[in-house]
Amino acid sequence: MPLPNANLKESQRIQHQIYLKIPAQSRFLPILRDLSEIFCRNKGMQKAFAHNVMLCVDEAASNIIKHSYKKGPGMITTTFALFNNVLKIVLFHHGIPFDVSTYKEPDIKEYIKAKRKGGLGLYIIKNLMDNIYYYSKNGVNQIILMKHIT
Amino acid sequence: MLTISNKTLDKDNLAILYLDGHIETNSYLDFENELNNILEKGYSHIILNCRDLQYINSAGLGVIMGLIEEVREKDGDIKLCAMNKNVFKIFDLVGFNQLFEIYEKEEEALNAFTQR
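Order-wise, the sequence lines are chains A and B. Going letter by letter, the first sequence gives residues 1 to 150 in our numbering. Going letter by letter, the second sequence gives residues 1001 to 1116 in our numbering.
Hints were generated in silico from the structure; no laboratory data involved. It should be emphasised that the depicted structure is a prediction, and the values quoted were computed from it without experimental measurement. Even for Gly, the Cβ is constructed at its ideal location relative to N, Cα and C.
Residues from chain B shown here face chain A by an in silico Cβ test under 10 Å; the list is partial:
hint, residue
1, SER1058
2, GLY1062
3, ILE1090
4, GLN1098
Work the whole structure out from these sequences, hints included.
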């Protein structure tokens, strides 16, 4: 079954939606991780599925803190919603938008040779979620993660 | 929250680190410091016992990725054991299972070092 577009029509019934707004600081990430897992588990998703979702949200928020807000403080608002059988998570921020064109699939062997420590987060998200989208408009940036419920 | 304890076998240059909790953005530096301490003390055969490791993200994986070359340059290695399914899946996803030896039991990892 094809995935719906990230801009799901309002007419599509939102089954459940919650949101969390946190300062863009790593000490608040455990709250976001906990909420990710609790949301998934409460909606009946398997433990391993919930773990993967939690990891992807953690990676996305960590990237926002590390890269988008590297020049100053800010907030991250995360919404969790179920649209029919699709989990949609959106992380909103007002920092520096991610430049998708700079992303390259990591070559782990090369990273090891170079003693590199970073660059795995987005790779993990891309491989665990069905889709990831970036939107940036009027200073508001969105990272949208989507995954069919299995 | 991450707690790390260790056991060393001096004759084999071997250290076992017992990882308990979460290795993530707030704790990966503790993990990195512990590994660096072990290396500075001359232990180059390292086993990461992940029995009580509940969570690891890219920050934690990055620590291992960034240090393994240095360890291998010293004729050592980092081997891992006793991972839970979720943690193993992440190692598998990023291809670490091809680049690191991962064992079910600590004893197997020990044997891999001591019976070379």
